[in-house]
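**Student:** Residue numbers (our numbering), protein chains in the order written: chain A, 189 to 469; chain B, 189 to 469.
Hints are supplied without guarantee of correctness; some may be wrong.
Where chains are identical, the list cannot tell them apart; a pair therefore holds if satisfied intra-copy or between any two copies.
Keeping only pairs whose Cα atoms sit at most 25 Å apart, straight-line, the calculated DSS-like set for lysine-lysine is [to be verified]: (1) Lys442 / Lys242; (2) Lys338 / Lys418; (3) Lys319 / Lys395; (4) Lys242 / Lys463; (5) Lys418 / Lys384; (6) Lys442 / Lys463; (7) Lys393 / Lys242; (8) Lys301 / Lys393; (9) Lys393 / Lys463; (10) Lys338 / Lys395; (11) Lys395 / Lys418; (12) Lys338 / Lys319.
No wet-lab data here; the hints were simulated from the structure.
A quick note: this is a predicted structure, and the numbers were derived from the prediction, not measured.
There are 2 protein chains.
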Amino acid sequence: MSPAAAGTPVAARPVFIVSDGTGITAETFAHSILAQFEMRFRQIRVPFVDSVDKAYETAQRINEMYRAENVRPIIFSTLVDAQANEILRNCHGVILDMFQTFIEPLEVELGLKSMHAIGRVHQNADSEAYKNRIEAVNFSLAHDDGQSNKNLQSADVILVGVSRSGKTPTTLYLAMQYGVKAANYPLIPEDFEREKLPSTLDQYKDKIFGLSIDPQRLSEIRNERRPGSKYASLENCRYEVNEAEAMMRREGIKWLSSTHKSIEEIATTILQEIKLERDVY
Amino acid sequence: MSPAAAGTPVAARPVFIVSDGTGITAETFAHSILAQFEMRFRQIRVPFVDSVDKAYETAQRINEMYRAENVRPIIFSTLVDAQANEILRNCHGVILDMFQTFIEPLEVELGLKSMHAIGRVHQNADSEAYKNRIEAVNFSLAHDDGQSNKNLQSADVILVGVSRSGKTPTTLYLAMQYGVKAANYPLIPEDFEREKLPSTLDQYKDKIFGLSIDPQRLSEIRNERRPGSKYASLENCRYEVNEAEAMMRREGIKWLSSTHKSIEEIATTILQEIKLERDVY
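Here chain A stands alone, though its shape is the one from the complex (with noise of 0.2 Å):
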C-alpha cells in the first residue's frame, strides 16, 4: 500500500520540478504528463540545482514534505550531475528522471559517452542561436501590425489577417521559439474596397500566410476591447473575416482559421507549410 492510501486525504498531490537549469523542459512535460490524470496537483518548482549542496537541501524539502503531507511527493527531475542525481533518487519522492533514463540507451546507440555537463541543457545566452532568437524577437516588434516596410526582405513569413485574429502573439511565440523573423500586416476595409492585398506585400507573395477566425469568436474579442463599437459589431466582423477569405482565396495565399488553436499549434502549423526548418544543430 502506498503512503497515500494509507495517510489522510490531502488536496492536491505535491509535484517537485528539479533542474540544473530554468526547470521550463521538466515543467512543461510534467504538466503534459500529469494532464492525463484526473486529479489536481499541486507544484513546487526548483530550478538551479547547480551543485550538491542544492541537491541535499532539495532533497530535505521534499522529506519533510513526504512527513508533514504522508505522501510521496512527485518529481521530475532533469539533473546532469551523477552525484545530485543519486541523492534526490535516495529521498521520500517518486523520481521521474527524465535525464538517465534517456542519456543511457542513448550512449549505447551512438556509442559515445555524454558529456554530464550541466549549462548545456539549455540554450546558452552566448550562442548563436540564442542571438537570433532575440534578433528575430526584435524584428517582430517591429514589424507589428504593419509599422515598418523597412528589411521586410529579411523576413521569413509575414502573416496577414483581420485585427485581432491571432498575428501578434504568433509572430512574437515564432520568434521566441523558433528564431523566426516573423512580420504581420492587418488587413483592413481599405484593402477590401481596392480588392487587393496592401501593394508592399506583393513582391514578397511567397511569404505570406493568412490567418483567419470565425466572426462570432472575433466579435467577442473586440467586445472586450472596444465594447459596443461599430469595429466589435457581428455584422461588421462577419464583412471582415468574408473579405479577407475571399482575398486570400484570389491571391492563393495559404491560411488557417485561429479560433480554436493556441499560439503553439498555430505556429507549428505555420512551421510546416512554409517549410521553414532549422534542422541541423
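Assemble the complex: chain A is given as a structure, and chain B must be docked to it using the hints.
**Tutor:** Below, chain B alone, put in the same frame as chain A:
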C-alpha cells in the same frame, strides 16, 4: 555492431520528433538531451500524428531513411495513443518514448489509470489558463517601455532598467510562458538627474524588479541599433548603468544582471524572487 558503425559515415544523425500535438515539448527536451553529445544531429519534425494512418506514414518515413542512410534514426515521441505507439515501436528507429516511460510508473504510484486522451497534452486554446496567457501577452505589449500607466495596478511585475537591458523580451516571455502580466519602464537620464524613480511607480514598489547589464555589452547592443551615437558610446553606457544600479540599491529594488543570462533564465529567476507561483493545476 550498430548499423552506424557498419555503414558509411553520415554527416548528421537523423532525429525524428513525433507528437500527436505540436511536438514542442518533445523538441525542447530532445535538444537538451542531444546537447550532451559531441556530434551533429539533423531534425525532422512530425507534429499532429493523431491517427493510426499518420503513425504508419511516419513509421514508413523512418524506415525509408534507415534504408537510405543505413543508420537507425533517433525518435523522440510523445504519442498518447497505444496503437500509434506500437506502430512506431516496430519501425527501424531507436525510440525514446517520453509518454509511456513515465505514465506507467505514475499510474502505479497514483493508483489511477491515465486517460490516454489526445489533445490534453497541450494547453487547450479554449481553456481559462490559455486565455490568461494571451491576455498577459496583450498586457505586456500595451505596457512595454512605459507606454501606458493604465491598469498598472493589475501588473504582476514591473521591470525597470536602462534602454536595451533586456526588459521587453523578458516581459513577453513571462507573459507567454507563465501568463504573468509584466509591464516595463525604462530608466532614463532624466530619472538619474532627479535621482528618483519615475513617480508613476511610487505606489507599486513591491512589484518592481530591476535588470542591469555590463556596460561593454550594452554598448555593443546599442551600437547595432545606432552606430557611433552618444547613446551607444561606452562612456554613456557606463554612466547610465552606474546611475541605474545606484538608484536600485538606494530604493531597495531587487535586480540581476542580464549580461550572460537567457530570457528563460531571467524569467525563472524573477518568478522565484517575486514568489509568483501559479502552482495548483
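**Student:** Each hint: holds or not?
**Tutor:** Right, here's what the structure says about each hint:
no. : hint            : verdict
1   : Lys442 / Lys242 : between (51 Å within a copy, 22 Å between copies)
2   : Lys338 / Lys418 : between (32 Å within a copy, 24 Å between copies)
3   : Lys319 / Lys395 : within (23 Å within a copy, 29 Å between copies)
4   : Lys242 / Lys463 : between (43 Å within a copy, 19 Å between copies)
5   : Lys418 / Lys384 : within (23 Å within a copy, 44 Å between copies)
6   : Lys442 / Lys463 : within (13 Å within a copy, 44 Å between copies)
7   : Lys393 / Lys242 : neither (54 Å within a copy, 31 Å between copies)
8   : Lys301 / Lys393 : neither (47 Å within a copy, 50 Å between copies)
9   : Lys393 / Lys463 : within (15 Å within a copy, 47 Å between copies)
10  : Lys338 / Lys395 : within (16 Å within a copy, 36 Å between copies)
11  : Lys395 / Lys418 : neither (32 Å within a copy, 37 Å between copies)
12  : Lys338 / Lys319 : within (20 Å within a copy, 32 Å between copies)
Checked against the numbered hints listed earlier, the structure breaks hints 7, 8, 11; every other hint is satisfied.
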